[in-house]
Amino acid sequence: MIKLSMILILSAFLNIYSSSFASEPISTKIYVVDSIVVTEQREETGLSRVPVSKDKFSKVLLGNGINLIRKGSFIAQDIYSEGFKRGDIEVVIDGEKYHSACPNRMDSPLTRINPLEMDRIYYSKENNSINTGLGGGLAIERIKPTNVTLIKSAYSQSLASEESNDFAFSSMYNSFMLNGRYATGKGYENGDGNSFEDLYGFSDNHSYKLGEISAVRSHGDFVLRGAFTYSDNIMFPYLQMDERINRIYHGSVKYKEFKLYTNYTDHMMDNQLRISNMLMRTDVNNLTIGLVHDNFELLYRNWDSDNIIRTPMVTINNHLIPDVHYYSATYQKKHKLNNYNISYKVGVKQVHTTDAENVNLYTNLYSDASDDVSLYAFSINANRMFSLKHNIAFKINTEISASEPTLEQLYISVKKPMGKPIWLGNPTLSQPIKYSLRPTLYTRYFNFSIYSHYVSDYITFANRQAASQHYKTYQNVDALLTGFIWNLKYKNLQVTSGYTYAENRTSDKPLSEIAPFYLITSLSTPTYKNITLTVTHTYNDAQTRVDDEMDEYPTSSWQTFDLSLNYKYKEYLVALEIDNILDETYAQHLSYMRDPFGSGIPVTDPGLSIQLNILTNFEL
Numbered sequence: 001m002i003k004l005s006m007i008l009i010l011s012a013f014l015n016i017y018s019s020s021f022a023s024e025p026i027s028t029k030i031y032v033v034d035s036i037v038v039t040e041q042r043e044e045t046g047l048s049r050v051p052v053s054k055d056k057f058s059k060v061l062l063g064n065g066i067n068l069i070r071k072g073s074f075i076a077q078d079i080y081s082e083g084f085k086r087g088d089i090e091v092v093i094d095g096e097k098y099h100s101a102c103p104n105r106m107d108s109p110l111t112r113i114n115p116l117e118m119d120r121i122y123y124s125k126e127n128n129s130i131n132t133g134l135g136g137g138l139a140i141e142r143i144k145p146t147n148v149t150l151i152k153s154a155y156s157q158s159l160a161s162e163e164s165n166d167f168a169f170s171s172m173y174n175s176f177m178l179n180g181r182y183a184t185g186k187g188y189e190n191g192d193g194n195s196f197e198d199l200y201g202f203s204d205n206h207s208y209k210l211g212e213i214s215a216v217r218s219h220g221d222f223v224l225r226g227a228f229t230y231s232d233n234i235m236f237p238y239l240q241m242d243e244r245i246n247r248i249y250h251g252s253v254k255y256k257e258f259k260l261y262t263n264y265t266d267h268m269m270d271n272q273l274r275i276s277n278m279l280m281r282t283d284v285n286n287l288t289i290g291l292v293h294d295n296f297e298l299l300y301r302n303w304d305s306d307n308i309i310r311t312p313m314v315t316i317n318n319h320l321i322p323d324v325h326y327y328s329a330t331y332q333k334k335h336k337l338n339n340y341n342i343s344y345k346v347g348v349k350q351v352h353t354t355d356a357e358n359v360n361l362y363t364n365l366y367s368d369a370s371d372d373v374s375l376y377a378f379s380i381n382a383n384r385m386f387s388l389k390h391n392i393a394f395k396i397n398t399e400i401s402a403s404e405p406t407l408e409q410l411y412i413s414v415k416k417p418m419g420k421p422i423w424l425g426n427p428t429l430s431q432p433i434k435y436s437l438r439p440t441l442y443t444r445y446f447n448f449s450i451y452s453h454y455v456s457d458y459i460t461f462a463n464r465q466a467a468s469q470h471y472k473t474y475q476n477v478d479a480l481l482t483g484f485i486w487n488l489k490y491k492n493l494q495v496t497s498g499y500t501y502a503e504n505r506t507s508d509k510p511l512s513e514i515a516p517f518y519l520i521t522s523l524s525t526p527t528y529k530n531i532t533l534t535v536t537h538t539y540n541d542a543q544t545r546v547d548d549e550m551d552e553y554p555t556s557s558w559q560t561f562d563l564s565l566n567y568k569y570k571e572y573l574v575a576l577e578i579d580n581i582l583d584e585t586y587a588q589h590l591s592y593m594r595d596p597f598g599s600g601i602p603v604t605d606p607g608l609s610i611q612l613n614i615l616t617n618f619e620l
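The working numbering puts the first residue of the sequence shown at 1, with every later residue one more than the last.
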């Protein structure tokens with residue numbers, strides 16, 4: 001495809017309202033709030049996916065150019081948009097940071113909320129707030145407790161290629177909310193009928209389980225919340241290990257616009273669900289404490305992880321994440337200057353590791369490696385809206401921003417047996433600085449954006465050698481990420497398409513882990529007697545622009561057809577979904593990874609799957 005020649009991004013601020021029982025059918029309008037154009041989609045749940053489950057999150061986000069990377073079982077998802085991924089994109093829930101305890105992001109923040117607690121989802125491709133990273137951010141708002149008496153429940157059962165049961169409830173009375181969820185299931189089969197056991201060396205098609213409970217109390221200006229989440233035996237063919245135990249403890253107190261919260265994760269992963277004569281096990285603890293306000297955030301994080309690799313010949317102990325302490329203070333502000341919207345943020349960060357032995361390991365590659373790293377964050381964003389005739393608007397958005405490397409990019413360390421390369425962080429990494437430009441055209445039915453990001457000191461993978469030892473590490477390069485996304489929504493037809501061209505400008509080679517061109521088309525019937533039928537076609541082009549130095553391989557094009565039948569009757573909503581009707585076998589380009597414990601093989605998506613969803617909502 002033709003290389004787009006502009007220099008970089010940013011954003012239409014997309015505001016997706018998932019209202020469980022809206023009184024109006026799907027309508028898409030363009031309007032201006034604080035001079036920021038947003039696309040508002042008010043969805044009657046009976047006309048869309050029911051409920052907005054973690055497994056179906058991608059159905060909500062894909063129309064806005066946001067992909068979810070599927071790593072295995074249904075809650076194993078991570079986020080990707082316009083060439084940015086994982087730690088580049090912040091995911092926050094009610095202003096709270098849920099850091100992944102797993103260095104391979106098994107416990108992505110997207111798995112941290114009961115779907116029935118979701119009120120609104122915002123996605124910003126700007127890096128101009130305390131809740132965004134280099135590639136933007138996804139913010140989820142929970143429902144606030146009120147004096148309404150309400151009972152909601154959701155049940156989902158999957159059949160055919162996927163076997164799972166998922167039950168959730170949410171109750172509200174006198175400004176008190178109690179929410180819960182329990183899910184269980186097995187790994188799925190692909191279109192050829194092959195299971196995880198058949199394809200990826202598992203000893204069985206093991207069952208997983210997930211449980212969540214939370215309580216929220218509102219009293220005057222105070223809101224108190226406590227929650228506990230657990231999950232066991234979630235298979236990750238994307239990686240060489242699986243999540244065996246994950247426990248998350250949460251507590252928060254909010255007073256007016258101030259919130260103090262803490263999240264603690266106890267995580268263990270190993271390879272004992274698979275057939276292997278080698279033991280790999282990783283234990284992780286992560287503590288996050290935050291004080292947030294509309295304009296500032298104070299954050300402390302402590303992350304510590306130990307890993308053991310034992311073969312019949314050797315035992316290797318790794319301090320995988322060497323007791324890293326992270327301190328952060330960030331401030332944001334927005335102004336209006338004439339017809340321009342100006343926003344900025346500034347922040348200071350400090351990272352410290354207590355493990356001097358690990359620091360000596362980094363000096364094998366980086367002589368000036370230190371146990372302390374000082375970082376900063378800043379962003380200046382300006383945008384202006386031009387209102388034209390005939391319901392047409394044009395927006396130009398520019399930004400310069402800087403973000404810090406992730407903690408694993410700075411300090412991870414993994415020694416492996418049998419002469420395999422050591423995976424090593426780089427404490428000397430420079431901070432990426434992004435220069436962005438995004439012009440966007442809005443009409444009543446059609447939106448079109450061109451984005452271009454030039455990133456100085458973009459962080460990517462690197463192969464190194466020192467004293468006959470091979471290493472995999474991280475390096476800074478200059479990178480260009482540019483492309484387009486467009487949306488057409490006319491009556492019962494919705495079409496979305498996008499493409500990102502990404503190049504390492506230092507080596508003039510493609511950047512790794514970039515999704516190919518995609519096209520998604522959905523056509524719904526008019527609602528008849530509360531019944532709506534929707535057919536969706538998804539096409540992904542082949543991706544031939546790959547970084548072969550990092551063991552990245554081209555992937556073939558693929559396409560699927562999905563069908564959903566939705567019915568609403570009084571307080572009940574029922575949805576029957578059939579995904580991948582033709583039972584295709586395919587793997588997405590982002591279905592494998594090069595992280596320290598990446599399996600290095602593509603993971604195929606599910607074959608034909610049938611899901612029945614039932615949602616109830618009783619206001620007493």
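To be clear, the hints were calculated from the coordinates, so they are not data collected in a lab. The structure displayed is predicted, hence computed values, not measured ones. Incorrect hints may appear among the rest.
[Stated by the list, open to error] 27 Å max Cα-Cα, derived DSS-like pairs, lysine-lysine:
1. K254 to K144
2. K472 to K529
3. K389 to K509
4. K491 to K389
5. K85 to K336
6. K254 to K349
7. K420 to K389
8. K254 to K333
9. K509 to K85
10. K144 to K570
11. K472 to K415
12. K570 to K491
13. K144 to K349
14. K349 to K333
15. K389 to K336
16. K509 to K529
17. K416 to K144
18. K415 to K85
19. K186 to K259
20. K209 to K259
21. K144 to K256
22. K186 to K254
23. K472 to K349
24. K333 to K85
25. K256 to K336
26. K491 to K529
27. K509 to K420
28. K389 to K85
29. K186 to K209
30. K416 to K472
31. K334 to K259
32. K420 to K472
[As the list claims (entries may be wrong)] Restraint ranges, calculated between C-beta atoms of paired labels, are given here:
33. F448 to K256: 20 to 26 Å
34. I316 to K256: 37 to 43 Å
35. N277 to Y327: 52 to 58 Å
36. H470 to N165: 20 to 26 Å
37. K256 to S207: 18 to 24 Å
Idealized CB from N, CA, C, for every residue including glycine.
Now the hints, each set against the structure:
1. K254 to K144: holds (12 Å)
2. K472 to K529: violated (60 Å)
3. K389 to K509: violated (43 Å)
4. K491 to K389: holds (22 Å)
5. K85 to K336: violated (31 Å)
6. K254 to K349: holds (24 Å)
7. K420 to K389: Between K420 and K389 the Cα gap is close to 63 Å, so the pair fails against 27 Å, i.e. violated.
8. K254 to K333: holds (21 Å)
9. K509 to K85: Measuring from Cα to Cα gives roughly 19 Å; hence the hint holds.
10. K144 to K570: holds (24 Å)
11. K472 to K415: holds (10 Å)
12. K570 to K491: With a Cα-Cα distance of about 25 Å, the restraint between K570 and K491 holds, given a limit of 27 Å.
13. K144 to K349: Violated, at about 32 Å.
14. K349 to K333: holds (18 Å)
15. K389 to K336: holds (24 Å)
16. K509 to K529: With Cα atoms ~55 Å apart, K509 and K529 exceed 27 Å; violated.
17. K416 to K144: At roughly 48 Å apart (the allowed maximum being 27 Å), K144 and K416 break the hint.
18. K415 to K85: holds (25 Å)
19. K186 to K259: violated (38 Å)
20. K209 to K259: violated (31 Å)
21. K144 to K256: This hinted pair holds, its Cα atoms lying about 13 Å apart.
22. K186 to K254: violated (38 Å)
23. K472 to K349: Satisfied, since the Cα-Cα distance of roughly 26 Å is no more than 27 Å.
24. K333 to K85: holds (26 Å)
25. K256 to K336: holds (25 Å)
26. K491 to K529: holds (18 Å)
27. K509 to K420: Cα-Cα ~25 Å, so holds.
28. K389 to K85: violated (37 Å)
29. K186 to K209: Holds, at roughly 9 Å.
30. K416 to K472: holds (11 Å)
31. K334 to K259: holds (21 Å)
32. K420 to K472: Holds. K420 to K472 sits at ~10 Å (cutoff 27 Å).
33. F448 to K256: 20 to 26 Å: violated (41 Å)
34. I316 to K256: 37 to 43 Å: violated (51 Å)
35. N277 to Y327: 52 to 58 Å: violated (43 Å)
36. H470 to N165: 20 to 26 Å: violated (46 Å)
37. K256 to S207: 18 to 24 Å: Distance hint for K256, S207 is violated at roughly 45 Å.
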